Each structure stands twice: as C-alpha cells, then as structure tokens.
Amino acid sequence: MAAERGLSSRICEGDCAVLKRGDVFKAVPVLRQRKIVFEKQGFYLDNAIGHVYGTTFEVTSDGNLQPKRQVEETTTETKEAGTDNRNIVDDGKSQKLTHDDIKALKDKGIKGQEIVQQLIENSTTFRDKTEFAQDKYIKKKKKKYEAVITIVKPSTRILSTMYYAREPGKIIHLRYDTLAQMLTLGNVRAGNKMIVMETCAGLVLGAVMERMGGYGSIIQMYPGGGPIRAATSCFGFPKAFFNNLHEFPLSKVDSLLCGTLSMETLPSEPEDTALTEEETNGLVDEKQTSVQGTEEESSAETAMEINQTEEQETMDINAEDAEFKENKERENKENVREKQRKQWERMKKLTEAAALLREKNADGLLVASKFHPTPLLLSLLEFVAPSRPFVVYCQYKEPLLECYTKLRERGGVVNLKLSETWLRSYQVLPDRSHPKLTMSGGGGYLLSGITVVLDKGKSDSSNLEALKMEEPSSKRCKVQDLCC
Amino acid sequence: MAAERGLSSRICEGDCAVLKRGDVFKAVPVLRQRKIVFEKQGFYLDNAIGHVYGTTFEVTSDGNLQPKRQVEETTTETKEAGTDNRNIVDDGKSQKLTHDDIKALKDKGIKGQEIVQQLIENSTTFRDKTEFAQDKYIKKKKKKYEAVITIVKPSTRILSTMYYAREPGKIIHLRYDTLAQMLTLGNVRAGNKMIVMETCAGLVLGAVMERMGGYGSIIQMYPGGGPIRAATSCFGFPKAFFNNLHEFPLSKVDSLLCGTLSMETLPSEPEDTALTEEETNGLVDEKQTSVQGTEEESSAETAMEINQTEEQETMDINAEDAEFKENKERENKENVREKQRKQWERMKKLTEAAALLREKNADGLLVASKFHPTPLLLSLLEFVAPSRPFVVYCQYKEPLLECYTKLRERGGVVNLKLSETWLRSYQVLPDRSHPKLTMSGGGGYLLSGITVVLDKGKSDSSNLEALKMEEPSSKRCKVQDLCC
Amino acid sequence: MDDRCVTMGLGKTGTGSGSLSHALIRTVAPTGHLYTVEFHQQRAEKAKEEFREHGVEHLVTVTNQDVCKNGFGVSDIADAVFLDIPSPWEAIGHAKSALKAEGGRICSFSPCIEQVQRTCLAMEEYGFTEINTLEILLRVYNVRTISLQIPDLGKAAEDNSSAGFDSSNPSNQGSPGTNLQQGTVQFKSGVPLREMVGHTGYLTFATKSLF
Amino acid sequence: MDDRCVTMGLGKTGTGSGSLSHALIRTVAPTGHLYTVEFHQQRAEKAKEEFREHGVEHLVTVTNQDVCKNGFGVSDIADAVFLDIPSPWEAIGHAKSALKAEGGRICSFSPCIEQVQRTCLAMEEYGFTEINTLEILLRVYNVRTISLQIPDLGKAAEDNSSAGFDSSNPSNQGSPGTNLQQGTVQFKSGVPLREMVGHTGYLTFATKSLF
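First to last, the protein sequences are chains A, B, C and D. Position 254 (the first sequence) corresponds to 254 in UniProt numbering; numbering is contiguous. Position 12 (the second sequence) corresponds to 12 in UniProt numbering; numbering is contiguous. Position 149 (the third sequence) corresponds to 149 in UniProt numbering; numbering is contiguous. Position 82 (the fourth sequence) corresponds to 82 in UniProt numbering; numbering is contiguous.
Calculated directly from the structure, the hints in this document are not laboratory data. Note that the structure is predicted; figures quoted are calculated from it, not measured. Just so it is clear, CB atoms sit at the ideal spot from N, CA and C, and this is done for glycine as well. Hints are supplied without guarantee of correctness; some may be wrong.
So the derived label-pair ranges between C-beta atoms look like this [what the hints assert, rightly or not]:
id: 1; chain 1: B; residue 1: Asp455; chain 2: A; residue 2: Thr438; range: 35 to 41 Å
id: 2; chain 1: B; residue 1: Thr60; chain 2: C; residue 2: Glu45; range: 38 to 44 Å
id: 3; chain 1: A; residue 1: Gln427; chain 2: D; residue 2: Arg52; range: 22 to 28 Å
id: 4; chain 1: C; residue 1: Glu125; chain 2: A; residue 2: Val24; range: 42 to 48 Å
id: 5; chain 1: B; residue 1: Asn415; chain 2: D; residue 2: Glu124; range: 54 to 60 Å
id: 6; chain 1: A; residue 1: Asp455; chain 2: B; residue 2: Gln41; range: 15 to 21 Å
Build the full structure now, drawing on both the sequences and the hints.
Below you can see the structure in the form of structure tokens.
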C-alpha cells in the first residue's frame, strides 16, 4: 500500500490524475485516445501511461505528450536590466516580431521556449525595462507560448487547491488552509471513528480518509438521495479504504436519536426481504447507495473531465445489454433477484451505520455543509463520545455566532472557539520579495470545541448560568482550557 | 500660525504636551512644581519649559529633566554573538551582578546606560546568546534602567496612538489607521462645512479641526448635556480654531428636521430674555456649553494627567471667591446679569448652529459613536448636500450591516462601502525582519458612501427595487462608480 | 497620520498618477505648498497640466529631475517628505535637507521588503528616529442577504420537544436570522470579496529630530 | 497540506517543544515513522523521554546532532521533511538526500524574511520546484452579546412617521438586532481579540522532483 500511495507510482490507464501547468490544476481520467483540453490546449494522454507521477511533459505539435527531462529556467544571464523605466516611451511599436512572424515560427515547429527567447531579442524596450518588468514580460510570454504540463498524483493538497481555484462553489468556498485547520482541530488520525457531514463534493471526506490511511471508521452523514463523492473518487484511494466507510441519511437522524428507527431486525436472507413501506420510504434508488454507485452519481455533480469517463462506461454497459436482448425474460428474473440482493445489502449497510452511530462513541465530528450548522451540531454531537473534538465550517460568520450561542445553552461542550485564518502568499525573489498582490478575501469560518459529559438532568437555570457566563468569554476560555 | 503649529515651537507653561518614552505616550499639562508620574518614574517638568518640542531629556536622580543632546544607541560593536543557543543551560546564575550591586550603582548616580553596559559585561551567557537574543536582552535592560523622555507636541498622529494604546474604551476602540481612513474617505479639508458626531472624547473632532486648519466650519452633534472635548483640548489649537466650531444637541435634531424647533427668534438683548420653559428644557447648565466650559467638563472624562490641572485651577478660583465674601450682595446681582448674558450667548450659539444645519448643505458627515449608527445616519444625512461623502465608524460589524440595508431602502446614497483595515507593524533589522509578533485584532469597521439627490416622491416600489438590486452588489457598485 | 496642521512645504517624489499629489494638495491647502519631483519628463508635463486644469497650480511646484541625484530643489522648507521611488534609500539624504532644520517627518512607500530594509538603514544612518514600518490592508465586505437551508433531520411531528433547532420561533432571542419561508434562515452578512488586494506596499515612517 | 497518505519516513529538525513532533507522529501512525534531529542534547533527551511516556517511541527516532553539518542520519527514506532551525538553507542539501529518490515535499518554518530568502535560494539551487512561501494567521473571535443605545433625537410622539429608526418593531425584517429594552438594540457579535498573534513565521514549501 505504501508503494501504491507513494509519489512515484506509475500512471495507469483508468487512474484519476491531475494535470498541472504553473499554478493551474485539473483532474482528468487517464484514458487512451481521448482528447483532453487543458488551458486552451488539446492533447492525448496515451504517451503518459507508464511514466511515473511527477513527470513533466511537453505538448508536441500533433497533440501528444513528450517527457521533458529538465524544466529549464529561462536563463537569467541574457538579462541586462535598466535601473528604471524613465526612458521607456510606450508607442506600441516595441516588438519587432509581427503576429505573422510568430505564427510562422510556430508552424515551423519551433518550441515555445525558443519563441519566448526570440520575442525578447526582438523587443526594443526589453533591455531598458527594470529587472522586475523583464520578469513580468518573460512570465507572460512563457505562459502564452510554452506548453509544459506535469502530471501529478492527486492528494488533499492538490485537490483542495484545485477545487478552490476552479470550482469554489462546489466546496462552499472552503479554502485549503481552512481544511487543514479542520483536520488538525478535529484530531483526525488513523484508528479514529469519525463522523463527517459535508456538502463539499466529498473533498472533506477524502481528506479525512487520506489522513486516516484506511485505519478506523468513518460515517458520512448525507442529505437527500445519497452521499456526493465526486472529489473523493478523484483521490484514487485503494478499494480497502472504502471497507470502513459508512453512510447514513440525515433524514433518519432524528428517528435514530428517538429510538423510532425500525430497522434493527435485518432480514436474514435477501430473497425473504419484504420491506415495509416505512423502511423503503426515503431510501434512495440503488445507484446512490453502494460506493460504486455513488461515484457514478456524484460524478454528475462535477464539471470536471472525470464525469465523461463514467458516462462512457455506462454507455458501454448499455451496449452489452443490447446483445442479450433475447435473454430478456431470464434476465428480468435475475434483475429482480439482483435488485433484492442490492436492497438487502443497502439495508445491511444502513443498519451497520445506524449501529455505529448508536454507540455514541465517535472520536470526532467534522461539519462543512451548505446547511445551517446549528441543527446539525445539536443533533450530531449526540453521537460523539465525551472529550472529543468537533469542528464546524461555515462560509459565513453569522450562523456560527448563533451556533455558538445554542451550544452554550445546550452545554456539554467546552473550549468553543470561533476563528478564521488569513492566508498570504509571498513572492520571494532576490530584491523583489513582497506579499503577492492579490489574496483570497476569505477562507470561511470555523467553530471548534471539545465535548464533555452532558448532564441531562442539568437544570435550566444552570444552562442560563452558562449563557450568562459567556460574556467574559476570554476569561472563561482559560478556565475551560484547564478543565480539559 | 505656521510657527505656532510647527514641530519646534517652545514648550510653554500651560501647554498640553505629550511625554514619549519608547512607544509609550502620555499627555500632561506643563506646569511648574508639579510632579508627573510616567512609566513608574516621578519627575518635574520645570526644566523643560523654554526648550523646543522634540527635545529628549534624561531624568536626573533628583527628579529633574536634563536635555540629552544625542540619543546614543547601545554600541553594537561590543556584541559578539553566538550562532545559536545550544550551549546555553539555564541555571539562573548567569548574571554575576546582584540586586544589591545594581542598587549601589544607582545610588552612586551611575546612569542607566552604564548600568546596562555593566549588566552585559557581567552576564556569563550574553556572548553565547544569538544576536537576536542579545538584542532582546539589551532592550529589556535598557527599558528598566534608562530613563529617557522626549517631549513632543500633540497631533492627531500622537494623540490617536496614545488613546488607542492607553484608553481605547474612551475612543470606542477607533484605531489610528481607521481614523486616517475616515479623514480621507470623508474628504476633510480646509474650507469644508463638516458635521461631526462622535463619542471619542473629542479625538475625531480634533483630527477634523487639525486637518481643516481653522478654515471652514464644523458642527459637532452631541448627546446628553454637552459635547465632550477632553481629547480636543489636548491638541492645543489656537483660540481662532474654535470660532467656527459649533455644537448642536442630538435631542433637538428631530424637532429641527420637523421645523418645530422654536428658537429662530433670538431675543435682541440678554437682559430682556425670558426663556420659555420649552426652550430651556433639555439645555445644559453653563459649564457645559461654552468651549472653555466643556474643556473643564470633559476633562473629568479622561484619566489623564490633564484633569488634575483643571481641578487645581477650579480650586484657586474658589479660593479667590472666598476673599470677596463681603461683596456678596453686589456680586449676586452681577452674577444674575452674567448668567443671563451667558444664557443669551448659549442661545445665540444654538441658533447659529441650527441655522447652519438648516441650510442642509454640509460638505461631509463623520459619525463615530457608541450609539446605534442607523438612526444617526438616517437623520443627520438630511443636513448634507448631495454629492458629498459620509463615513460611519462602528466598533462592530453587525450594526453597519443593518445601517447599510436601511440606507439602501432610504435611497439618496451611492457607493456604499463596508470596510475594515488590517494593520501590521514590521520589525526591520538586518537579517531579522518580520511582522511584529503581536498585532491589533481589530480597528473597527467603516461604512462610507456618497450622497445623491434624494427623490422624495420616489415610490416605495423603486425603493424596493433598490433593495433587490443590492444582491449582486459588486456589479452594482461599479455602475455607481460611473454615476458619481 | 501626518503631524502638519499647516505646512509650509511638503516634498514628494514620484509624482506618478497624481492621485496622491491631489490628496496631499487638498491636505495642505490653502496655506501650504507641495513640492513634487518627477524624473519622467512626459509625466512631469502631464502632471503640471492636470494641476493647472484643476486650478491648484498655485499650491504645487513640479520639478523634472532625478531626486536621487539632484534632490528636491528646496531645502529647510518641508514639514514632511513622501517618497515613492524605486530606490528611496538614495534620496534619504536629500529628504533630510528638504525638511525643516527644526525637524519633520518622512514616509517612504515601497512594494518590496528589500527596499524597506535599505531605506531603514539609510534612515538610521542619516539620524532619523522613530523608524517604523507598517502595512495597511483594506478589506471590503459586500453586504448580502444569505439564505441557509435548515437540514431535514426527519423530525417527527410529535417530536418537537427534542433538543434541536426551534425553527418555528421567529423571535428567537439572540438569533440573527429570520425564518422567511419554511426550511430556510435568512440573515445579512458582510461577505469578503473573493479576491482582495493583498499588498500594495510597505509604509516606512521616521522622524527627523532636532539634533 | 502534506502529500503523504502513508509515509515511510518523515524528517524533522528542531524537535523543539515536541508539540509539532506529536502532531506529525499522530499523522504518520500507525505505519509511518518520524525521524527527528535535535542539536541541543538536553532537549533531545527530554523529547525521547516524552515519546516513551506517551507510548509512541516505536514511531519516532530522535537523533542528537547538528542537522546542518551532519544531516538527518537517514537517506532516501522520507516523503516529507520539515525544518524549524535558524539556518534552514544549510540543511536543504541534507533534506534532499533524506527525501526519497522518487521525490517528496519539504517545508521550512522561519520567523524572518531573510531566512526565507536564503532558504528559497538554496531550494532553487538544489533543484526543488514549486517553491511557495505562505503565511497563515489565525484570527480568533469572542462571541459577545452587544447592546447599543438608540440615540435620543428628541423624536416627538406624533412624529413617528418621519424617516427614522423604527425601534418599536421587533420583528424588523433583516435586522440583526432585537430590542430588549426601550432604547437599546442587542445583537451577537464576533469580536476580534484586542491583541492577536501577528506573526509566528513564514512557511516555505517545495517539491523535490523526479529528475
């Protein structure tokens, strides 16, 4: 397994790989004879198969990938920088190469790097520009004419960066540093029993699974028909990682808590199953419950390349089906039995998840959803053992203020902390170091805390007292720190 | 006037001066034979009188100030730094000088700088410390044993820094950079007619007065009995600056707006004045209306040295009064006339302020108060001309969210912007540059905007539309930028 | 953050786009004056033209020269000097002579930390005190009405007593939200922009002392 | 932010107080291993003792040596290296050999920008790519109930119709506040601490590439 997760395993057909160009990432399925479009360039991944992850390729003029041994930096020796730009007069005529010249170079098969060099040599103002301006110029041109792509193995770091940059809405704007904070504050580690409730396309789930490395168990709470795991499937986890991944519908949480969930009695055999109306109600169709199925379902949720694969696979299966038209009758019978078996499996899984929750001894709870956090917290904390961490992410601060207040009223939690992280990226270059000129305005907010034994017999007045105590909260937090 | 406001005018008896030691400021009155306690040191300012502002003094052992020509830096040549601290074992015995030794040095009249040097020479671990640790050590010791004080002339920069550090509650935590933003966003400049509503001890008023340099007019809106100007008086503005400073009670704003304020008819002579019940009601007693008087009143609001002066002055006056006991009768008569005259003046000032407001042509509005900003804004904006800026400070974000919404509903404003500034201080030292290790958590929030002609006949539906338009506000803001 | 109330002169280098110059003119008017030095001839001309157009030419003197080599063209006149040039450390000496003999303040704006480091060294060398480097970032919020869904936890009708979110109580004390329609909570939020200006530059302030 | 799912080795220098070491051990357990180098002998001993006490000694190897001179004592074994030492640039070469031949990631923590500058240069020199310097600041809010007074503008009783603040309407749509008593508005606010940690250090990440 270690080898499988190492940085340098080989790129295989069917993998989910991440393309990288500069700071831009894109997750794609590795398939033969499928054209990929990335950063306005179309190419085939065929030649990449068999190479190790981390390899950098150049796109050839016929749209194939060719490994590039060394990423040469544009030689800084050619630079002869002016000290300032007082002599530069912008007349729009500084570049002697015309568009046609450049096109001709490209058609001749001249590589991007050489084109950039030619552009520099033909710029009348380049030498007069300051070093700073020269670098800007080179970068801009490099980006335009050089087509260098690195294929990397997906990981939490890469996928969370990619989602935040490309599709922040899919992960409710959960920034990567905030996700890292969640994993730390939530004490996520191998062997834990974690409850995860997220609507981040499965990214948080994936991060938790990666951190746990296949040890321990995870119960994913999901709204609606089934869990969304589009991002989870991008990680390319080994099958074994899914053995201890369970899911439980949010819509059954209250009945589970009240003891009215009536599925404890699992039918012994699939064929005997006669599901009561109550039990089937609200259950989703098969596509959405098994792990395999949810990956298909969830892929529809993402705009990434990956979903095209799945569609194709589905089509292939349909084609096969067509060949067996004549066996329809027999098949139907089998289909019914198959359906029953799957239903039974689904029931079994649901029962297992319910049993895990019912133990009320989870080691942690992570929430990162589009829903109002308060009702989620108030219910899901019931399943967490005392003295365990919980972390709630919300894109907005206001709901967490309310959640904070409700949790104080409820009791059973200490060390409540509402926080936000500021992320600054730096340019570090000789004589030109400074924070980057744009930064992310917000990475969302976290409310974290630690569970303690909730005295159910606690009087309302003591809860009120806890509420009152809230005010000098800086002082109180210190006391709580001592308590736990 | 230029000379009077220059950096180098002489320290005069009766001035309000600011003491500076390192980053610590304290405003004090310059008086002879009055002991000042600053940073745990007691001394007299007598010797400072006549020196120019900006002079640095050393405190002598008898508590007098002695001008110090050059602030020598502890010579860096003596430093012989270790590269790391691996060899340092903390046994609490690294300093060979005992407390008694140090006391003996002090008693001998040895200056602080020399004591620090002796401490360094007698530290067994100093040479092994890293340069970083050495600097820390020197700074700590310098602060303890060297007593160097600079006397500076008050200014917005110095007073806002001082208040934020010493008494942030008095200025509702308005940080100096936020104040600077207010002056800029409010387009405060000479010749303007500004409305200022603040509960920042008069600091915002002072900043506005400084920026306007005596040109233009200011109407200060005040809650309660009278305007608080403790901080304003610390600036030491020339008397002329107060000629165009007006004040108007908040409690009369609504009646002024409704036209029910009945003081337009100013009595022609003080003696004739027979104030109606309605007019005197809510007016404050004389101590609180004249500029002189408010300085006395407001000084009670501040914990700074300055109030002690005023008290003393008051006592002296009382003592004088006692001498004239026998003339009581005649005095009483005069007192009555004096009172009438003052009342008349007060009425005159109030009438003037009301007239200025009634013109509804103020060039800007600054609000920085402990009150909910919404009702203030909705009323005070009535007095501002179209196409003028307004800025509201609030320590909390939430009331400004509401204020934003109400202003949108009201209409008549564009370019609404809710903002906050982050302030980072840097340590810039050879090989040891980094942001300072502590920073201010928050400087408060600003809501700013620009007034436009408010169409009073505007239908509710168009207001509603404005409200709906709010949502894609980033886009709309751009449109507004073009409008104004 | 400037000590001047009425300034007799204020030196500025790097006239640039002119927006800062206008802000400074506005601040020193009507009795002060701004001296600004711009080494780029085209820009110096354009600035002069703009000042004329805006009717503030009597408040400002534009000089076209290299401040690092030739200084400000004035001495012992300024209450404050503002530098916005690539190598401010080369102009610190000139700035010192432009400032009044009795003292004044200097502020230098630089995007890179290395410029700040050299500038601080130069300031120290020329005897400036209270050298202080700051960075100020403006964070703007959009005010939005946000709707958050209440999750369906399958609460049974008879089960209202269980610990949970009492969504049917609109006047919920302390709750920032209001239930507009069943199943959602609405509230106002100040939402940071997705991208903000992360850095413009460092501001280094210092005092020219009396002695 | 670390690529390892299961790590075979992770080098760390500057064992320090041990809290980061414990966090790393927790992350690599149960199949990974942490190699940590501490040059201060007392501290190395203390760390070993602590790891024993906490029952994690099988997951960690503590070496007492100078990583800048002697390296990590392991090679071609680590998925990631974390440096928290005064001169990380002197250890970049050693870090490279400690990392697996097929590649890995490095992270260096330094409080000062000059350390970062030298470290970045060293990383580039040793062929590291994706060199990226970040700073992360935690901003903690206290949740408080705030009461703001409604100012007395002298509103006459008959004057309720004028534009103004309708304080008598508690279910004011969109209003975050609730009127508890006459004349004040109450609301919950997330108030930043007066002083926060303004800086701990810069984090510089880089990738050791295949070639």
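Could you tell me which of the numbered hints above are not met by this structure, giving the numbers in increasing order? 2, 3, 5 and 6
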